[in-house]
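**Student:** Sequence:
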Amino acid sequence: MSGIFYRKPAPDQPPYVEVGDMVGKKQVLALLETMKVFQKIKSPVSGKILEVVQENEVPVKDDDVLFVIDAQS
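Okay, so the sequence shown: first residue is 0 according to numbering that gives the first Met the number 0, each after it adds one.
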């Protein structure tokens, strides 16, 4: 899905995740706005955030990488 990528739940709030954070499977990582509708972007795995690839409030496309996560078992 393409749209505008948001790292924060609101402009005055901190980002959902930062590099180095441990995340759980299905944890919300960011939001994607498409046609004024916000969809939650959830982690597909549990692990550590190694990189946040996209900047806040930028347009992204279907195949764009948003995060690099070191999966933990």
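Hints were generated in silico from the structure; no laboratory data involved. A portion of the hints provided could be inaccurate.
[Said to hold, decoys possible] Straight-line Cα separation of at most 30 Å, DSSO-like style, residue types lysine-lysine; simulated pairs: (1) Lys47 / Lys60; (2) Lys47 / Lys24; (3) Lys25 / Lys60; (4) Lys39 / Lys24; (5) Lys35 / Lys25; (6) Lys35 / Lys24; (7) Lys60 / Lys39; (8) Lys7 / Lys47; (9) Lys25 / Lys41; (10) Lys39 / Lys25; (11) Lys25 / Lys47; (12) Lys24 / Lys60; (13) Lys39 / Lys7; (14) Lys60 / Lys41; (15) Lys24 / Lys41; (16) Lys41 / Lys7; (17) Lys60 / Lys7; (18) Lys24 / Lys7; (19) Lys7 / Lys25; (20) Lys35 / Lys7; (21) Lys60 / Lys35.
**Student:** Look at each hint and say if it fits the structure.
**Tutor:** Hints, verified against the model:
1. Lys47 / Lys60: holds (24 Å)
2. Lys47 / Lys24: holds (11 Å)
3. Lys25 / Lys60: At roughly 21 Å apart (the allowed maximum being 30 Å), Lys60 and Lys25 satisfy the hint.
4. Lys39 / Lys24: The hint holds at about 13 Å.
5. Lys35 / Lys25: With Cα atoms ~23 Å apart, Lys35 and Lys25 stay inside 30 Å; holds.
6. Lys35 / Lys24: Holds - the C-alpha atoms of Lys24 and Lys35 are around 26 Å apart, at most 30 Å.
7. Lys60 / Lys39: Holds. Lys60 to Lys39 sits at ~15 Å (cutoff 30 Å).
8. Lys7 / Lys47: Holds, because 18 Å separates the two Cα atoms, which is no more than 30 Å.
9. Lys25 / Lys41: holds (5 Å)
10. Lys39 / Lys25: holds (10 Å)
11. Lys25 / Lys47: holds (13 Å)
12. Lys24 / Lys60: This hinted pair holds, its Cα atoms lying about 23 Å apart.
13. Lys39 / Lys7: holds (11 Å)
14. Lys60 / Lys41: Between Lys60 and Lys41 the Cα gap is close to 16 Å, so the pair holds against 30 Å.
15. Lys24 / Lys41: holds (8 Å)
16. Lys41 / Lys7: This hinted pair holds, its Cα atoms lying about 13 Å apart.
17. Lys60 / Lys7: Since the Cα atoms of Lys60 and Lys7 sit roughly 19 Å apart, the hinted pair holds (cutoff 30 Å).
18. Lys24 / Lys7: Holds, at about 19 Å.
19. Lys7 / Lys25: Within the cut-off at roughly 17 Å; holds.
20. Lys35 / Lys7: The given pair, whose Cα atoms are some 16 Å apart, holds under the 30 Å limit.
21. Lys60 / Lys35: This hinted pair holds, its Cα atoms lying about 16 Å apart.
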